[in-house]
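S.K.: With chain A fixed as given, assemble chain B onto it according to the hints.
Protein chains: 2
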Amino acid sequence: MELLKARIMQDGKCYPGGILKVDSFINHQMDSDLMMEIAKEFIRLFKDKPINKVVTIEASGIAPAIFVGYLMHLPVVFVKKKQPKTMDKMLATTVHSFTKDRDYSVCISADYLTKDDHVLFIDDFLAYGNAAKGVIDLCQQAGATIEGMGFIIEKAFQHGGDFLRSQGISYQALATVESLDNCEIKLRD
Amino acid sequence: MELLKARIMQDGKCYPGGILKVDSFINHQMDSDLMMEIAKEFIRLFKDKPINKVVTIEASGIAPAIFVGYLMHLPVVFVKKKQPKTMDKMLATTVHSFTKDRDYSVCISADYLTKDDHVLFIDDFLAYGNAAKGVIDLCQQAGATIEGMGFIIEKAFQHGGDFLRSQGISYQALATVESLDNCEIKLRD
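Chains as they are written, first to last, in the numbering used here: chain A, 1 to 189; chain B, 1 to 189.
The following block holds chain A by itself, in its conformation from the complex (with noise of 0.2 Å):
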């Protein structure tokens, strides 16, 4: 996606250790014009596929996952890292996070994810694709169908990609980080 490259090498940042701050039109301050874009972008590539929910990780998904939702007029469910005193029936797996080096546990309400649900997964990043392997084990554990993944940016050196490929898990991202070496931002073309 033309647009979004281009705000990346205009606005992002690189910090040691592989990371990439896109803080200010992604995942704290939020270019709400650009998210509709990148939504169009996801609904394009995923229009083919008999999608019936869309499913994000909170918080930096909900934007983009929002806006897909709207667009195919679905509903949007958002896994939680906290538990509500509230959530009955509760479906909970373990992320581990490799940018904050702990282990979490999140869950989705089992009333919001089930065996008929078709989902798209939205999130902002790919890295390690460990929240994707959260909602892997959420939807094996609900019998709901991943039909696509849909991420904004992926870092294709931190590997979640090759993992995605080897469970036959169909995903898109709509800008691709081949390298951060020397803090320089290197893009797929």
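Quick caveat, the hints were computed from the structure, so don't treat them as lab data.
Be aware that one or more of the hints could be misleading.
Pairs involving identical chains hold if they fit within one copy or between any two copies, as the list cannot separate such chains.
[As the list claims (entries may be wrong)] Simulated pairs of lysine to aspartate or glutamate, EDC-like, Cα-Cα distance not exceeding 20 Å:
{"hint": "1", "residue 1": "13", "residue 2": "111"}
{"hint": "2", "residue 1": "5", "residue 2": "33"}
{"hint": "3", "residue 1": "133", "residue 2": "103"}
{"hint": "4", "residue 1": "82", "residue 2": "103"}
{"hint": "5", "residue 1": "81", "residue 2": "103"}
{"hint": "6", "residue 1": "186", "residue 2": "37"}
{"hint": "7", "residue 1": "47", "residue 2": "117"}
{"hint": "8", "residue 1": "49", "residue 2": "111"}
{"hint": "9", "residue 1": "21", "residue 2": "88"}
{"hint": "10", "residue 1": "186", "residue 2": "33"}
{"hint": "11", "residue 1": "5", "residue 2": "181"}
{"hint": "12", "residue 1": "115", "residue 2": "58"}
{"hint": "13", "residue 1": "5", "residue 2": "178"}
{"hint": "14", "residue 1": "40", "residue 2": "147"}
{"hint": "15", "residue 1": "85", "residue 2": "11"}
{"hint": "16", "residue 1": "85", "residue 2": "58"}
{"hint": "17", "residue 1": "13", "residue 2": "189"}
{"hint": "18", "residue 1": "21", "residue 2": "137"}
{"hint": "19", "residue 1": "49", "residue 2": "178"}
Model, not experiment: these values are computed from the prediction.
M.R.: Then chain B, alone, in the frame of chain A:
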């Protein structure tokens, strides 16, 4: 907002302790079409204010806020509950969660909340007003002006609205719950 009130009466659930559960359409599974209508209503209510930034707090405020930002073509910033490693200049404050009975620290980058900002704060619930108090503190630290606050649902019996009025803050709620006594939802006409 009649569409919202009807939906709360239809799908909202009451729990002991003044808890209104709306997780089938607002804050876990989200009705994306309803969220867009909610955003349109916020814009109708705040259209005369000189707003240049939408601020919310993760996670449940993000969906309505990004639609408001999109319709107004404004950036949206969400206050974070965890401090990212890469946030250099940060404003922080403490918010008390009554539902979860604990204090937590929230933060926003000083790059995205400044003295030039005229803020519309959007969130899902106004209960005791603790998240709103946190945002007021962050805006004071930044020297930003709060032009208004919009909440999807106000729980009037928890008095956050009384606090905001005492501070001279202009706020709007799209549905106001008068009481949840005996687990019966009573909305203001």
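S.K.: Please go over all the hints and tell whether each is borne out by the structure.
M.R.: Quick rundown of the hints versus the structure:
In this homomeric assembly, residue 13 and residue 111 come within 20 Å of each other (Cα to Cα) only across copies, at 14 Å, whereas the closest approach inside a single copy is 40 Å. Proximity of residue 5 to residue 33 under the C-alpha cut-off of 20 Å is restricted to the intra-copy arrangement: shortest distance 15 Å within a copy versus 29 Å between copies. For the homomeric pair residue 133 and residue 103, the shortest alpha-carbon distance inside one copy (13 Å) is at most 20 Å, but the shortest distance between copies (31 Å) is not. In this assembly of identical chains, residue 82 and residue 103 lie within 20 Å of each other by CA distance both inside one copy and across copies; the values are 13 Å within and 14 Å between.
Proximity of residue 81 and residue 103 under a CA criterion of 20 Å is satisfied in both settings, with 11 Å inside one chain copy and 17 Å between copies. Taking the shortest Cα distances, residue 186 and residue 37 never come within 20 Å of each other, neither inside one copy (22 Å) nor across copies (40 Å). Taking the closest pair of Cα atoms, residue 47 and residue 117 come within 20 Å of each other only inside a single copy of the chain (16 Å); across copies the shortest separation is 39 Å, beyond that limit. In this assembly of identical chains, the alpha carbons of residue 49 and residue 111 never lie at most 20 Å apart, being 23 Å within a copy and 40 Å across copies at closest.
Within a single copy, residue 21 and residue 88 get their C-alpha atoms only as close as 37 Å, which misses the 20 Å cut-off; across copies the closest is 11 Å, which meets it. In this homomeric assembly, residue 186 and residue 33 never come within 20 Å of each other (Cα to Cα): the closest approach is 25 Å inside a single copy and 38 Å across copies. When the C-alpha separation of residue 5 and residue 181 is checked against a cutoff of 20 Å, the pair qualifies only within one copy, where the shortest distance is 18 Å, while the shortest distance between copies is 53 Å. Taking the closest pair of Cα atoms, residue 115 and residue 58 never come within 20 Å of each other, the shortest separation being 22 Å inside a single copy and 29 Å across copies.
Proximity of residue 5 and residue 178 under a CA criterion of 20 Å is satisfied intra-copy only: 12 Å inside one chain copy versus 49 Å between copies. Taking CA atoms no more than 20 Å apart as the test, residue 40 paired with residue 147 passes inside one copy only; the shortest distance there is 17 Å, against 31 Å between copies. Taking the shortest Cα distances, residue 85 and residue 11 sit within 20 Å of each other only across copies (18 Å), while inside one copy they are farther apart (40 Å). For a Cα distance limit of 20 Å, the shortest separation of residue 85 from residue 58 qualifies both inside one copy, at 17 Å, and across copies, at 18 Å.
In this homomeric assembly, residue 13 and residue 189 come within 20 Å of each other (Cα to Cα) only inside a single copy, at 19 Å, whereas the closest approach across copies is 50 Å. Neither within a single protomer nor between protomers do residue 21 and residue 137 lie at most 20 Å apart by alpha-carbon distance, with minima of 28 Å and 26 Å respectively. Proximity of residue 49 to residue 178 under the C-alpha cut-off of 20 Å is found in neither arrangement, the shortest distances being 28 Å within a copy and 44 Å between copies.
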